[in-house]
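Asker: One letter stands for each residue in the lines below.
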Amino acid sequence: MKNNIIILGGGQAGIYAAREIRQIDSKSNIKILGEENLLPYERPPLSKDFFLDKKKEEDLYFHSSDVLKNENIEFENISINKVDFENKKLFAKNDNVYSYDSLLISTGSENKKITLDNNLKNDIYYLRNLEEAKKIKEIVSNKNKITIIGGGFIGLEIASSLSQLQKKVIVIEIGSQLMGRIIPKQIADLVQKTHIEHGNEIILNKQIEKITKKNSDYEILLNDNSLIETDFIIAGIGSTPTVKLFENTNLKLDNGIVTNQFCETSIKDVYAAGDVSNFYHPFYERNMRLESYQHAQNHGICAGKNIAGVKTEYSSIPWMWSDQFNLNLQLTGICDEYDEIIERGNDINNGVIYFFLKNNKIRGACGVGVIGKVGRDIRITSKLSEKNTIVDKQILSDQNLKLNKLMQK
Amino acid sequence: MSEENWIEVGSTDSIEEEDLIRFDHQDKTFCVYKLTDGFYATDGICTHEAVHLEDGLVMDDEIECPMHQGIFNIKSGEALSPPACEDLKTYPVKVDNDKIFIKID
Ligand SMILES: Cc1cc2nc3c(=O)[nH]c(=O)nc-3n(C[C@H](O)[C@H](O)[C@H](O)COP(=O)(O)OP(=O)(O)OC[C@H]3O[C@@H](n4cnc5c(N)ncnc54)[C@H](O)[C@@H]3O)c2cc1C
Ligand code: FES
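Taken in order, these protein sequences are the chains called A and B. In this text, residue positions in the first sequence follow the numbering used here: the first is 1, and each later residue adds one. In this text, residue positions in the second sequence follow the numbering used here: the first is 1, and each later residue adds one.
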């Protein structure tokens, strides 16, 4: 049967879903509606290699327009501003109306904004898309002292990139450690040390009281009355799922769009995937929302299968990475449900990993090391966790013993 | 191709099964693998970013990059999983008297 399938949001989850649907269903119309006037592209390089000119705009696209054309996937640059789930219609600002039989919502997430009483809204920059990355890149080329508000992954990656462009960088973090409490303190401290060694200043436990514009520069007043002078401000204080469009509808929302393990929402024929979805994970028996490259891809593929009628459960073990200076940090599984923590290694040159165990099984792990040093072990960890393997703690904690020994058992 | 292009990598027992070793020759790096059905060789650096695949995980016929989990087929070099999208170069391998040789062009 030929259906009208609409994918709302032309990012990573959207494009992977579209291509997966096409693999299974050669007949249906597949249309991606995206408000960025760009084919779907990778965001991770925006805070890293794009700043450093190691990747150019043309390197970021997942697929060329030829691939979409060959697979008969339509991409339309349009912003949707109203939905009518009852009559299965989407409305755009320019009065265009789109009817669907099945809808995938993959609108991603958006940056939280700093609330300040004075009118400096346009003076603080955020990074989510290519346009913003281009703008920041252009402006910072004439700036020297840059302040980043928020010591999360994206803020720290920008801090690493700007430091490599010889900028003086200050990171202000409200919490007592970098990258939030989900990352073991010891790992956050190792990353912090690397930033400091490269000349970045890291300020923890401080809140911003006021930002004042002085000519073309700024003065930031912190809650301990200290003043920071800076000539450019970027904020990376977390993100929220892009759901405003659905707030007054029947679609069930709770930290994103609530979906089951089949990417189905509370409304029939409406699916959600990627950053925007708070999905039920059958392995962990709970809901979670992830903002990661691998998840956006795999969740999009899974949604695609389900939309095309191949009922498929999503149970991928979560995994994400962050690259800062010569370090690669990786996180797998969940690190907030454990009764024991085991440490592997203590030298960043060889990699340091913290395993989070519950009932002698790995629930999650977080590792950091010089590029290449933690990936294999983290990958093996995901597999051990997925298989519910009871692990030998001696092997986990001894870096001289290979982790794949645990797999062969 | 002439005989000289076959470069000795090491002895066959220098690689464990389902594993790899890194081999540097002149200014290039290669990975030489021992799979269940024999030895294989590829470029040693991921095509996504300049990361050594020697630290990656070998599973069946695949090598997974340790940095962002890009996956390549070891036998064909095909990039199988993003963010890797450019194929990895592969090289012929032969075993002679328990020694592994790869043919570099
Ligand atoms: C700077 C940066 C660095 C990152 N680095 C890493 C990393 O190192 N490792 C990692 O694992 N992950 C990283 N991520 C996260 C990863 O990129 C995201 O998780 C992924 O892009 C999510 O994909 P998505 O399809 O859910 O959403 P997105 O890729 O954000 O796509 C959503 C799209 O929907 C569009 N849209 C929204 N509303 C509408 C509307 N009403 N009408 C039309 N279109 C709409 C948006 O404009 C956007 O184009 C990074 C993200 C950013 C921003
Ligand atoms: S460097 Fe190998 S996948 Fe990115």
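Simulated from the structure, these hints should not be mistaken for lab results. For glycine and all other residues, C-beta sits at the position ideal for the given N, C-alpha and C. Misleading hints may appear alongside valid ones.
Lysine to aspartate or glutamate pairs mimicking EDC-like chemistry, simulated, CA-CA at most 16 Å apart [what the hints assert, rightly or not]: (1) K402(A) <-> D19(B); (2) K28(B) <-> D61(B); (3) K405(A) <-> E49(B); (4) K48(A) <-> E16(B).
Anything over 12 Å on all C-beta distances counts as not near chain B; from chain A, calculated [stated by the list, open to error]: (5) D25; (6) D49; (7) E74; (8) S109; (9) T115; (10) S141; (11) Q261; (12) R289; (13) Q297; (14) D323; (15) Q330; (16) I371; (17) G372; (18) D377; (19) I378; (20) K393.
Computed list of chain A residues with no C-beta within reach of chain B, every gap over 12 Å [unchecked claim]: (21) Q12; (22) E42; (23) P45; (24) F62; (25) K89; (26) L221; (27) Q294; (28) G375; (29) N404.
Asker: Let me make sure I understand: some of the numbered hints might not hold for this structure. Which ones are they, in numerical order?
Answerer: 2, 3, 4, 6, 13, 14, 15, 16, 17, 18, 19, 21, 22, 23, 24, 27, 28, 29
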